[in-house]
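**Student:** If you use numbering that gives the first Met the number 0, the sequence shown corresponds to residues 0 to 53, in order.
Heads up, a few of these hints could be off.
[To be verified] SDA-like, lysine to any residue: derived pairs with alpha carbons at most 20 Å apart:
#1 Lys3 - Leu19
#2 Lys3 - Leu15
#3 Lys3 - Asp21
[Said to hold, decoys possible] Estimated spans, in silico, between C-beta atoms of each pair:
#4 Arg16 - Leu37: 54 to 60 Å
#5 Arg30 - Ala7: 48 to 54 Å
#6 Phe29 - Val5: 35 to 41 Å
#7 Lys3 - Leu37: 49 to 55 Å
#8 Glu28 - Lys3: 34 to 40 Å
#9 Met23 - Pro2: 28 to 34 Å
#10 Trp10 - Asp48: 53 to 59 Å
#11 Ile22 - Ala45: 32 to 38 Å
#12 Glu20 - Met43: 34 to 40 Å
#13 Val5 - Leu40: 37 to 43 Å
#14 Asp48 - Leu15: 45 to 51 Å
#15 Ser9 - Ile44: 51 to 57 Å
Treat the hints as calculated values from the structure; they're not laboratory data. None of these values were measured; they are calculated from a predicted model. From the three backbone atoms N, C-alpha and C, an ideal C-beta is built for every residue, glycine too.
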Amino acid sequence: MKPKNVEALSWEREDLRELLEDIMDRIQEFREEMLNELDDLQDMIAENDGIGFH
0 MKPKNVEALS WEREDLRELL EDIMDRIQEF REEMLNELDD LQDMIAENDG
50 IGFH
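Produce the entire structure from the sequences given, and follow the hints as far as they go.
**Tutor:** Rendered as structure tokens:
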């Protein structure tokens, strides 16, 4: 393999690693947001527990 190809692969690997880190960060943010929304929904259900939904 030519040194140029090795260097290109090294850069591509680094780019992919950064992309993976970005994706993992976004997943974590989404997870936290969904947990907050779930907490809010559970609070709303608890507040309306006395109201019949039938």
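**Student:** Now look at each hint and say whether the structure bears it out.
**Tutor:** Here is what the structure says about each hint:
no. : hint                      : in the structure
1   : Lys3 - Leu19              : 24 Å, violated
2   : Lys3 - Leu15              : 18 Å, holds
3   : Lys3 - Asp21              : 27 Å, violated
4   : Arg16 - Leu37: 54 to 60 Å : 31 Å, violated
5   : Arg30 - Ala7: 48 to 54 Å  : 35 Å, violated
6   : Phe29 - Val5: 35 to 41 Å  : 36 Å, holds
7   : Lys3 - Leu37: 49 to 55 Å  : 51 Å, holds
8   : Glu28 - Lys3: 34 to 40 Å  : 38 Å, holds
9   : Met23 - Pro2: 28 to 34 Å  : 31 Å, holds
10  : Trp10 - Asp48: 53 to 59 Å : 57 Å, holds
11  : Ile22 - Ala45: 32 to 38 Å : 35 Å, holds
12  : Glu20 - Met43: 34 to 40 Å : 35 Å, holds
13  : Val5 - Leu40: 37 to 43 Å  : 52 Å, violated
14  : Asp48 - Leu15: 45 to 51 Å : 49 Å, holds
15  : Ser9 - Ile44: 51 to 57 Å  : 52 Å, holds
Violation of the numbered hints given earlier is confined to hints 1, 3, 4, 5 and 13; the remaining hints are satisfied by the structure.
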